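Please construct the entire structure, taking both the sequences and the accompanying hints into account.
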Amino acid sequence: MAWKFVGGVAALLTILMGSLAIATNGEPDRSAVLAEYRRPAEIPFPDDNPYRAAKAELGRALFFEPALSRDSDRTCATCHVPGQDWTDTTPRAPRSDGGFMDFRTPTLLNVAWTETIYGWDGKFRGLEAVARTPLTAPGNMNMPPKEMVRRLSADPKYVVAFADAFPGPTPTGGPITQERIEQALATFQRLIVSGRAPFDRWVEGDARALGPAAKRGFDLFNDRANCAACHSGWNFTDGSFHDIGVATDGAIGRGRFFPNSTALRHAFKTPTLRNVARRPPYMHDGSLASLSEVIDLYDRGGIDRPSRSRDIRPLHLTVQEKADLIAFLETLNDDGAEGPAYQPIGAEPPRP
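Throughout the sequence shown, residue numbering follows the UniProt record's numbering, covering 1 to 352 in sequence.
Just so you know, these hints were derived from the structure itself, not from any lab. Don't take each hint at face value.
To be verified - The calculated DSS-like cross-link candidates involving lysine-lysine, where the alpha carbons are at most 30 Å apart (straight line), are:
{"id": "1", "residue 1": "Lys-146", "residue 2": "Lys-123"}
{"id": "2", "residue 1": "Lys-157", "residue 2": "Lys-146"}
{"id": "3", "residue 1": "Lys-322", "residue 2": "Lys-215"}
Stated by the list, open to error - For each label pair, taking beta carbons as the anchor points, the in silico distance ranges come out as:
{"id": "4", "residue 1": "Glu-348", "residue 2": "Ala-277", "range": "28 to 36 Å"}
{"id": "5", "residue 1": "Gln-343", "residue 2": "Asp-304", "range": "43 to 51 Å"}
{"id": "6", "residue 1": "Glu-42", "residue 2": "Val-319", "range": "37 to 45 Å"}
{"id": "7", "residue 1": "Ala-277", "residue 2": "Arg-95", "range": "21 to 29 Å"}
The structure presented is a predicted model; accordingly, all values stated were derived computationally and were not measured. Quick reminder that beta carbons are idealized off the backbone N, C-alpha and C, glycines included.
As structure tokens, then:
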């Protein structure tokens, strides 16, 4: 009996101490959930295009090089503007002929972690292949590959830069090829990483990094609002494709490549939410002007149709809950002009 009594007291003390801890900080235990959002320790580079400082610097130069466009009037940065979180402010990407493309310019933030399929509808396989279409497309940079190689080969500084970035002989006998242009651009783009945000400091243990509203928003994000079903992990994307009920213009998403799939008919790639409060307008077509409109779309469940994701449904959020979600999303903003792409490039791969 005495042993049972002592054990009972010990158990009671454990319960009381646990209750005291919760009452002291007033916070639920989110440690398991927060662990899923820790920033990675390294930037991933593929084995067939490994990091090399000279290659990354070459990619940076090419990213801002107007000679890569037929009329020398556009660069990669024309649409992927560094000061606008590597996207632009137009609902749909501007064409070189004065019109607009089908989709909004996707941000390049954290593309190193965006799996292996790129583009709103997933038409690009691998980051190295992403540059090929905008470089050669008539409505974009409109540059024939042979002319692109010829122009760069006529510039002594690029001849030297390519030789430094890709040491050793090439099958063509010269250091500059279309494939190497794409590899250099991809290497630089993998350095486009969002900086540390208040949310990251909270994940790392700074309880004061987020206010009460943002913390409530985080709980909603992971629970009743179910945002984390698609916007998961430190980059807040599952890298997959979903119909969230937003397309009203008949736009075909991933279903373009899988015409027999009902679920993919209007499915578009889940974008990162890093720096999202600074990146309006929203959605693949730029149809929503503010985060408030985005939250309202999810709250009403979007367009109810056969392809709509099973994770999308009316939420019936209160005004306060919507404000809490936005307060949380705002904590994903870094201070601007952060990350390795803004820094001097060293011999070793930079840390994210």
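We went through each hint and held it up to the structure:
no., hint, verdict
1, Lys-146 - Lys-123, "holds, 23 Å"
2, Lys-157 - Lys-146, "holds, 19 Å"
3, Lys-322 - Lys-215, "holds, 13 Å"
4, Glu-348 - Ala-277: 28 to 36 Å, "holds, 33 Å"
5, Gln-343 - Asp-304: 43 to 51 Å, "holds, 47 Å"
6, Glu-42 - Val-319: 37 to 45 Å, "holds, 42 Å"
7, Ala-277 - Arg-95: 21 to 29 Å, "holds, 28 Å"
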